[in-house]
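**Q** Residue numbers (our numbering), protein chains in the order written: chain A, 1 to 123; chain B, 1 to 854.
The set of hints was computed from the structure by calculation and includes no laboratory data.
Check before you lean on any hint, since a few could be wrong.
Cut-off 27 Å, straight-line C-alpha distance, at most; resulting in silico cross-link-like pairs (DSS-like, lysine-lysine) [stated by the list, open to error]: (1) B:LYS343 / B:LYS479; (2) A:LYS112 / B:LYS573; (3) A:LYS56 / A:LYS109; (4) A:LYS13 / B:LYS256; (5) B:LYS455 / A:LYS112.
Each chain, written out:
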Amino acid sequence: MSANKIMIIDDEKIVGDMAKLSLEQEGYVVETFLSAEPALERLKEEKFDVVVTDLKMKGIDGMEVLRTVKRLYPKTKVIMITAFANLDSAIEALRGDVHDFFPKPVRIKELKVSIQRALNGVQ
Amino acid sequence: MKNVLEKIKSFLGTSKKEDGGSLPIKAVFKSFKEVLENNSRALEIIADMGEKLGGDYLFDINYIKGAYSELAGTVSNSLQNFDALTANKYLKLHDVFGHVDSQIKRLIYDVTPTPGVMVLSFKDITWNMFRDVGGKNAALAEMSNYLRLNIPGGFAITTSAFDEFVAENGLQERIRAIHDSSPADDRIFEEMRSLIMNGTIPEELDSAISGAVETIRETFGRDCFLAVRSSAEEEDGEHSFAGQFETVLNVPLDVKAVEDAYKKVLASLYLPGSVAYQAGLGYRIGDIKMAVGCMIMVDAVKSGVLYTVAPNGDRDIVVINSTWGLGSLIVEGQTDADMFMVKKEIEPELLGAKSGKKEFMVVNRKDGGVEKTKTSEDLAGIPSLTTEEVMELARQAVYIEKHFRKPQDIEWAFDKAGRLFILQARPLRGMEATEAGGIRHERFAEATETLMKDKGTVVQKGAGAGRVFVLRHPGEMDKFPKGSVLVSKYDSSNFVRIMPYVSAIITDVGVPTSHMASLCREFRVPTVVNAGDATRIFEHGQEVTVVIDEDGVTVYDGIVKELLKDNGKDSLKMEELYEYRKRRYVLRYISMLNLVDPTQDNFSPEGCRTLHDVIRFMHEKAVTELVVNAGRGNEIIKQHAAVKLDLTVPAGIVAIDIGGGLDISEGAGKAGFEQILSVPLRAVTRGMMHPGVWHADSVSLKVGDFFSSMIRMPDLTADRSEYVGYNVAVVSGEYLNLSIRFGYHFTVLDCYCSENARNNHIYFRFIGGATDMAKRSRRVEIISSVIRNFGFSVMVKGDLLIGRLANINRDEMEGILDQLGRLMAFTRQLDAVLNDDASVEFFAGNFMEGKYTI
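The whole structure should be built from the sequences, with the hints applied where relevant.
**A** Here is the structure:
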């Protein structure tokens, strides 16, 4: 079985860098993007198993990412991470088809558990 | 009625009284509490930032901005109250706070030096400026400003200066010509070197260098020389450029000479070897911006180079090459130097030494420059380093490697006074350790005996091993063997002294937001607090392996090397991320603690370098201020209703309640023990009344003239004459300041005993006595011995004793205060029977066992 593919979208480089480093240790294949536009382009080429995206970003935001992902790949799980101040929007996202959401800073261990559950099909 | 009015008046009083006297005690206490509460909140934020930036969390800059903004606000609030408390005694602290705050903001908002800054003193360089000063200068500044290692003073000439020099001399065109001509021939580089050597130093740069040279003269004297070195490396030394650029040694402290040396270093960008090297690495010739470091030339007796990894890649070994005089021959590989191999064990161990011929040596010439001379036969024949020097080098090498988290190539020198200087440290490329496989320590629970499992509150995760050192009182820290596991009842910020050398820390009590805790996170020392009875479970000298993970601390018998390999692997990997390091760096201005010992000279506003320092300083001085203010019993007694305490022993205490200390009706003149609500007063008086400690044959409470002047007993005024001869307790629900005079000695006990351990303190001062000095000193010794057992740090001078204890939880503190009450009662007249030194141990031992007969 080939490794599961995870996409990380966050406009701050440190988030993607740290997530990539941690998740690759778990054996995932990870790609990171600093904005939604190139990420969505990439998604057109290939399916990812889990997309972890920031909610608030310049240009296309996390909600839009969620809608596009779900349209392209209904089975791909989306995990939303957001600044604590944007919690209300996150809850709104939760009503949509988001698998999980976390306020930042998010404990990497919890994110890993969430990704594992997403891959196992556990909500 | 009058008293009530006074109470209200004093409560409302916000600043100095109209007559210029002191603040009312209630206002003082209110400011004190505000300082404590704000500091407490600040330390919580610092601890949270330490955790969130520790590598276990994904965080973004918004988190740092938000957390810092709250932190700065809290410290600022604390400062305002501190000013009120100390009547603006420490206004300098505002400047310090302002400076640190701007440094932090510079990091958070990623501001580099003002564009165009041409010269920066090493002490003003921070790590994020490596693009401006080059990697070598940034590393030197880091070792000096942060690691506090001995680095020669000096300054950096920035890349902005380089740009100006290039512009001033029209070199940009030439560089374009180099880019266009492919392949460029050697003549064009030779021409560049000549243009640079004959180039004009821009006026602004000239005046900046003059200023820097003048500062060196003022600071270090006129007789020093400079070493002028290239600093072109990237931040993490991706490419070392080792030996590619010019270094000019022993340059006279003269602007022209420095500028010539500067140009010589710049010109070395176009030396044939250097050009080939740059091209080989894929650089376009002319693209590298050269910063330069000018540092004071060490008058070296011996120098050399060391690697923190063996040539075969063994990372447990430090290899030191050493020779007489300057190290340039070693750097250039031209001499048969001495070699020492040291094992990086818990205590460094000399594995082997090879004596070289050291035929030639390089020395500083008196008029500048260096010369190569033949080494005298008696010197050439003996090793250039003593064993102690080898060990010192090894220890510093390990410290530097641990800090930069990569194998290091370090240049060093010992001067005539035997002082070790670090001249350069850069990462050794291609020597990164191969990764150890992840080993889960659950497996070892079966293989080796588990002494402690999943206990305590985690401060810093990780693993460490070594011999247990059970610290009974702070004075023993001098004996701490490097590499040991520190086991202590309490935590203490004094541990910072041993932090680079400690393998792990376990304390019986403590909180994860203490000063020590944030130091442990900063130094990445595996630490757990609140682990219960560690001081009883572990034996002094026993070898153990400590593993701290989310669940707490697990301790195995013996040294389990496999567990250590896994130590901090995740966070080490995070450190490899530039973005992560950059963000985390802000903690250096926040959580690092430099003010450790209040008795040291640097314990001043000027000594504060971080917010943690500022907080620590305020805390210490706030307590002092309170002790002084609350100790002015005579003034306070004029302002407040005083209540006689009706106890079962004639302690003669009157209490002044400044809020919630006594449960009595207005105007009542007396309070019994049951009416004492003040937690600390209750504990102390309970101790005094403990059966057997108070011996009835007390001396009368009169004051000898000599002693009254010496001990500054409050001279109670006539209008309050009914309180003459009484001891005064200023109390609130959580606070007690007790000034007690029993016979001819005088005790001050100041304590704050709240639910928040971090805010709690006990200050205990004891002085005087009627007997001869020897007997009085013996009594002080007994008291010192007893309170050290409770964890106090103690300072004794003759018959004066000052003991301090902080950061303990309420229950523990009540127990200690009870014991202090007993001690004060027990030792009242003890000096009279202390006829010989042996009696000190006898009575101290008896007291600890609860035997109070005299």
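**Q** Would the pair LYS112 of chain A and LYS573 of chain B pass a check requiring their Cα atoms to be no farther apart than 27 Å?
**A** holds, 17 Å
**Q** Hinted pair, alpha-carbon criterion (27 Å max): LYS56 of chain A, LYS109 of chain A. Please report holds or violated.
**A** holds, 23 Å
**Q** With a cut-off of 27 Å on the C-alpha distance, tell me whether LYS13 of chain A and LYS256 of chain B pass.
**A** Violated - the C-alpha atoms of LYS256 of chain B and LYS13 of chain A are around 45 Å apart, more than 27 Å.
**Q** For LYS343 of chain B and LYS479 of chain B, compute the direct alpha-carbon distance and say whether it is at most 27 Å.
**A** holds, 22 Å
**Q** Can the restraint linking LYS455 of chain B and LYS112 of chain A be considered satisfied, given a maximum Cα separation of 27 Å?
**A** Distance of about 25 Å is within 27 Å: holds.
Violated hint: 4 only; the structure is consistent with all others.
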